[in-house]
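Protein chains in written order, with this note's numbering: chain A, 1 to 282; chain B, 1 to 415; chain C, 1 to 309.
FYI, nobody ran anything at the bench for these hints, they're computed from the structure. Worth double-checking, as some hints may not be accurate.
[Said to hold, decoys possible] No more than 30 Å apart at the CA atoms, straight line, and that leaves these computed lysine-lysine pairs for DSSO-like:
hint	chain 1	residue 1	chain 2	residue 2
1	B	227	B	280
2	B	295	B	170
3	B	130	C	74
4	B	165	B	227
5	B	122	B	295
6	C	74	C	90
7	B	70	C	74
8	B	122	B	313
9	C	120	A	199
10	B	170	A	145
11	B	280	B	313
12	C	57	C	74
13	B	170	B	122
14	B	227	B	130
15	B	70	B	165
16	C	57	B	70
17	C	120	A	8
18	B	295	B	280
19	B	313	B	130
20	B	280	B	130
21	B	280	A	145
[Stated by the list, open to error] Here are the computed distance ranges between Cβ atoms for each label pair:
hint	chain 1	residue 1	chain 2	residue 2	range
22	C	195	A	8	42 to 50 Å
23	B	234	C	146	22 to 30 Å
24	A	60	C	117	25 to 33 Å
Using N, Cα and C, we set each Cβ at its ideal position, and we do this for glycine too.
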Amino acid sequence: MFPAPIRKASVPWQLAYRTLLPVSLFLWLLPLMAVAVFSIKPADDFTTGNYWGPPSTFEAAANYGRVFFESDMPRYLLNSLLITVPTVIGAVALSCMTGFALGVYRFRANLWLFFMFVAGNFVPFQILMVPVRDLTLELGLYNTKTGLVLFHIAFQTGFCTLFMRNFIRTLPFALIESARVEGVSEFRIFRYVVLPLMKPAIAALSILIFTFIWNDYFWAVVLTQGAGSQPVTAGITSFNAQYRAAYHLMSAGSIVAALPPVAMFFLMQRHFIAGLTLGAVK
Amino acid sequence: MRFMLPAAALAAAAIASVPASAGLSGNLKIFLDTSNPAPRATMEAMIARFGAQHPDLDIETTIIDREAYKTQIRNFLTADPPDVATWYAANRMRPYVSAGLFEDLSDLWEEPEIAENLASTKGAMTIDGKQWGVPYTYYQWGVYYREDIFNELGLEEPATWEEEKANCAKIVASGRACYTIGTKYLWTAGGWFDYLNLRTNGYDFHMALTQGEVEWTDDRVRAVFAKWRELIDMGAFIANHQTYSWQEALPFIVNGEATAYLMGNFSVAPMREAGLTDDKLDFYQFVEITPGIAKAEDAPTDTFHIPANARNKDAARAFLRYVVSAENQTIINNGENLGQLPVNAQAAIDDDEFLRQGFEMLSRNSPGGVAQFFDRDAPAELAKVAMEGFQEFMVFPDHLDDILERLESARQDIY
Amino acid sequence: MADAVSFPPRAGAPKERWLHRNRRAIAPWMFLAPGVLFFLVYVIFPIFQSFEISLYKWDGLGEARYIGLRNYEKLFSDRAFETSLWNNLKWLVLYLLAVPAGLFIAIFLNQTVTGIRLYKSLFFFPFVISQVVVGLVFTWFYDPTFGLLNTIIGWFGAGPLNVLGDPAFVTYGIIAAGLWPQTAYCMILYLTGLNAVDPEQVEAGRLDGARGWRMLWHVILPQLRPATFIAFVVTIIGALRSFDLISIMTDGGPFGSSRVLSFYMFEKALSEYGFRMGYGAAIAVVLFLIMLGFIAYFLWSMYRDERGA
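Excised from the complex, chain A in its bound form:
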């Protein structure tokens, strides 16, 4: 193991390490904690200049109450959910199939198609902005959640295919072969042999895509408008425009907007990290 385990170091070193850990974490999360503190302060603290002192009163309930009951935040959150979940399902479903096709079959275009997905996935997606917006307008899907979902599914399919294909290549091929010997159709092999084995990959990928899509801001701005269809990342800017200089409310709003992927991460940590690091280790 590298570095050498601290348990084997001298006692002063061990103590130093153990104090350094919380201190460094504190510094690391300092900007975030500042926002958390802001979000439970009363408005008065900001007008009187008490930015960094302890809150004069604890207003968590009032501040978060206003975010939830007096703004469009709940609608934005719902939009985010209605955009994120279908995208996750769509992208994962499509990439199970593409990943299966590219991982199992050998045909001439295989590597080229695979590289197309990979290359497309690496593109700075802003360059697609003008054509994708036009396409969405032509389809009559501008300013709809559907329009946004369709684009997200398409774009994420690139990354997901890379992921799934590499995962499928690690599966034992003997299983597929023996199924073929028994005359099982290709589709049934996919459905009953491969898919069950892909469960960990599906879990990891779902949680990862959930985070990516939930946090998307650019496409939300390009393809949607207003509380009817915009997700919370875009909504938070409208929310802030409404409460400019009301830092306690803006902080509370930001925390609410950031929370779902954070909760997801802590609940599904193992899958999340498995997803991120697939391919990072051989």
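Once you've looked at the hints, dock chains B and C against the given chain A.
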């Protein structure tokens, strides 16, 4: 007003004292950019009143964030147009007019009710001899200042540039900044340029400049920046203004770290909310700079339009008639609602210190003309480059030559 | 990417129908069709459409007019474009600091004391938060009146510093904000990589007297090569995609000094004051060509791995 209306409609119109077409039905889709809480409530109430007169009309209102709206209007006008949409007057509507996306509303403007009572804003709604929308509100710009601090320092409302600077010198000496401003989103600096130019060179020159007929490297333009620089060198503006939005610049005047704000009248509401009562806050017209030049003001007009591809244009026209009617204008512009000036000459102006002063100023003391605002009078693309230059000038006044050359080359490109 | 073995086609029974006989050849296309179709329509074609639009003058409303390469000629004399290009370069170089920083934190956290799992999660936490929120958090952190940064440097008698209002600092300030989640990302890649480091090689290194830096350089890093590759890839892509932070923190300002290409193209094409779709598309093409260099390299090294496997 159309003649030969059925009796029932006439009766309804009489009750509502508003011209209305008979039997409006179907859907009416309205897009609004009035996303701030007070204007939003005002508009919603207005639409509800209109809806009550037309029970068969199914009205669907969408409120879009004011900043986001400015980019999104292009999309929905082409793709999924509503029947009515808010926008701004003057050059700001030109791209949509040229692209044929706004309905020609000259017919509305021939109706006596509108022709007579809205005459003052007709110019701002006219492009190529036709009218493309109706105004629903406008507001004055000017200097909002801390009356109590002026009293404390023994200052009077200034009338000339020298008095303005003399006041400012005393304010700076008292450890305050003269003006708060937040230029992160650039347009606030456009307000300063408008006034300095209008007062130094007059309305006609200002219009010629924003229409691209004058070179930015012209000495008359330099004279404007020279005046601006006098203030900058005094330390008149708050520091770090380039990081703040206009709202984030409010606390400086509220807390007394700055004494004045060159702003539109919409800033009164948040200042009052923050605790500046009418005995602490007052207003004066931007001072004279070149003696003898007729004073002109910025008074941006907010407007309603009918997209050319709207589906229910009859209902949309009826709605616009209702919007500009004297009765509705009186309600939506009063102090509890928009707190701005009504566009209908028959409407009553709310008894509010700032509205009264603004109305007075615009009707009696603005002989030079009424400009819309820098980013509404100049084409959008030039406005962006120019306002960026203004912001840079306010931070680095020495970059002036470079800024003006950049603006000049942009001008040659754009017009 | 282990056993890339697939199976030689099995000889089919003679009387099978054509479809049945060729199912092994047809099946992959059936599985690929929906994904490939989506990807072509929404990703691959738009790349080429961007090329096409960049040859037109178009305001997004009326008719588009063909103007050849004029948009590109204009780019050469456009100082805002030059600024954006330089800033992109700064992003590329400085954003890569996330890789060593992530490695450093990963080494720091790669211990087995109690509660270390929670520490690892909390260190990773910034990556999960949306860039919009990160942008807001850092805007307040840098705020010249009350920001924590100025409060802290004030204790040492320095400042006040208006990071986001000063053209000399602003891009660095935004990159620093971007490094926060990106470092977390690289850290997690390296933590996983460190887990898989071969203990025997480490022991062998120790016996050879390698310690500290020498050990890291000669024994550990070579084994972390896959993690390093991925960390580089995601960081370079992230640097060229930077948009959210700039939009939230400065809106490209002050006076356009924090723009990057992806932001500038949005501004030119779709923002409040932008009506130049063609020009925006031309910027997109330039950004794409820059990225193409990296993409080619990534694909080439993946290709090499595939062959080697």
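- Query: For the pair supplied as a hint, residue 57 of chain C and residue 74 of chain C, is the alpha-carbon distance within the 30 Å limit?
  - Reply: holds (12 Å)
- Message: For residue 280 of chain B and residue 313 of chain B, compute the direct alpha-carbon distance and say whether it is at most 30 Å.
- Response: violated (47 Å)
- Task: Verify the proposed pairing of residue 70 of chain B with residue 165 of chain B, using a straight-line Cα cut of 30 Å.
- Result: violated (37 Å)
- Query: Is residue 227 of chain B within 30 Å of residue 280 of chain B, Cα to Cα?
  - Reply: holds (28 Å)
- Given hint residue 8 of chain A paired with residue 120 of chain C - CA-CA distance at most 30 Å: holds (21 Å)
- Message: Can you confirm whether the C-alpha distance between residue 57 of chain C and residue 70 of chain B stays at or below 30 Å?
- Response: holds (21 Å)
- Query: Has the given pair, residue 313 of chain B with residue 130 of chain B, been kept, meaning a C-alpha gap of at most 30 Å?
  - Reply: Roughly 18 Å separates the two Cα atoms, so the pair holds.
- Verify the proposed pairing of residue 295 of chain B with residue 280 of chain B, using a straight-line Cα cut of 30 Å. holds (27 Å)
- Query: Is the hinted pair residue 122 of chain B and residue 313 of chain B satisfied, with a Cα-Cα distance of at most 30 Å?
  - Reply: Holds. Residue 122 of chain B to residue 313 of chain B sits at ~21 Å (cutoff 30 Å).
- Query: Holds or violated: residue 227 of chain B with residue 130 of chain B, Cα cutoff 30 Å?
  - Reply: violated (38 Å)
- Given hint residue 227 of chain B paired with residue 165 of chain B - CA-CA distance at most 30 Å: Judged against 30 Å, a Cα distance of about 10 Å means the pair holds.
- Message: For residue 295 of chain B and residue 170 of chain B, compute the direct alpha-carbon distance and say whether it is at most 30 Å.
- Response: With a Cα-Cα distance of about 26 Å, the restraint between residue 295 of chain B and residue 170 of chain B holds, given a limit of 30 Å.
Violated hints for the displayed structure, listed by number in ascending order: 3, 10, 11, 13, 14, 15, 20, 21 and 22.
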